[in-house]
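> Listed below, chain by chain, are the residues.
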Amino acid sequence: QQQVKQSPQSLIVQKGGISIINCAYENTAFDYFPWYQQFPGKGPALLIAIRPDVSEKKEGRFTISFNKSAKQFSLHIMDSQPGDSATYFCAASNLRGGATNKLIFGTGTLLAVQP
Amino acid sequence: NAGVTQTPKFQVLKTGQSMTLQCAQDMNHNSMYWYRQDPGMGLRLIYYSASEGTTDKGEVPNGYNVSRLNKREFSLRLESAAPSQTSVYFCASRGQGKVEAFFGQGTRLTVV
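Top line first, the protein sequences correspond to chains Z and U. My numbering numbers the first residue of the first sequence as 293 and each following residue consecutively. My numbering numbers the first residue of the second sequence as 294 and each following residue consecutively.
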């Protein structure tokens, strides 16, 4: 049972273009939605995160758009650079669960930004 | 500042062998997690420990056991390795009241 569905599985974008990765969730108890970035041979690292009380969060070239009614959220990478080439994971969690809350991850998107 | 340290980084096992994957964090975090990463499957939670002395099953616990040895260390044991357990294993930790999880570098395990 995949609680967080992520698409596309892979993405190729030209340098300077916009990369868009989409995720959908089912459990309405989720209240925290982070995106993690993973480079080859490394562990995932937090990139940006959003709570459902806002519809958008921007940090530099990275933006999360959140649609609570549709239970969907997406990552937009503006002016994509070759250094952005990595695997991106969306995730969801229930922070109200306190210490026992778990991070549930999507299946990942392999992004390649061509120079 | 080491963060989350996993050992070993690589391991090859024969079917039926046992081994323990070690994880230690130096950030005084309460919660620790074990995930496995497989192509097309994302990161799936195997076991987690909300605090020292407690452990709970995640999405894919079968074939694994864990021990929260102390606040710093959380180990994952494969009692009888199977080829289906070939994967990259990640340990992560999270502080009390914090939202960000920190991951180790991973252990690449191959079972032949």
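Think of the hints as simulated: they come from the structure by calculation, not from any bench. These numbers were taken from a predicted model, which means no experiment stands behind them. Be a bit skeptical, because a hint or two may be false.
[Claimed, not checked] Straight-line C-alpha distance at most 20 Å; calculated DMTMM-like pairs for lysine to aspartate or glutamate:
(1) Z:Lys297 x U:Asp349
(2) U:Lys391 x Z:Glu318
(3) Z:Lys394 x U:Asp349
(4) Z:Lys297 x Z:Glu318
> If a hint holds in the structure, say so; if it does not, say that too.
Outcome of the hint check:
no.: 1; hint: Z:Lys297 x U:Asp349; verdict: 24 Å, violated
no.: 2; hint: U:Lys391 x Z:Glu318; verdict: 24 Å, violated
no.: 3; hint: Z:Lys394 x U:Asp349; verdict: 11 Å, holds
no.: 4; hint: Z:Lys297 x Z:Glu318; verdict: 9 Å, holds
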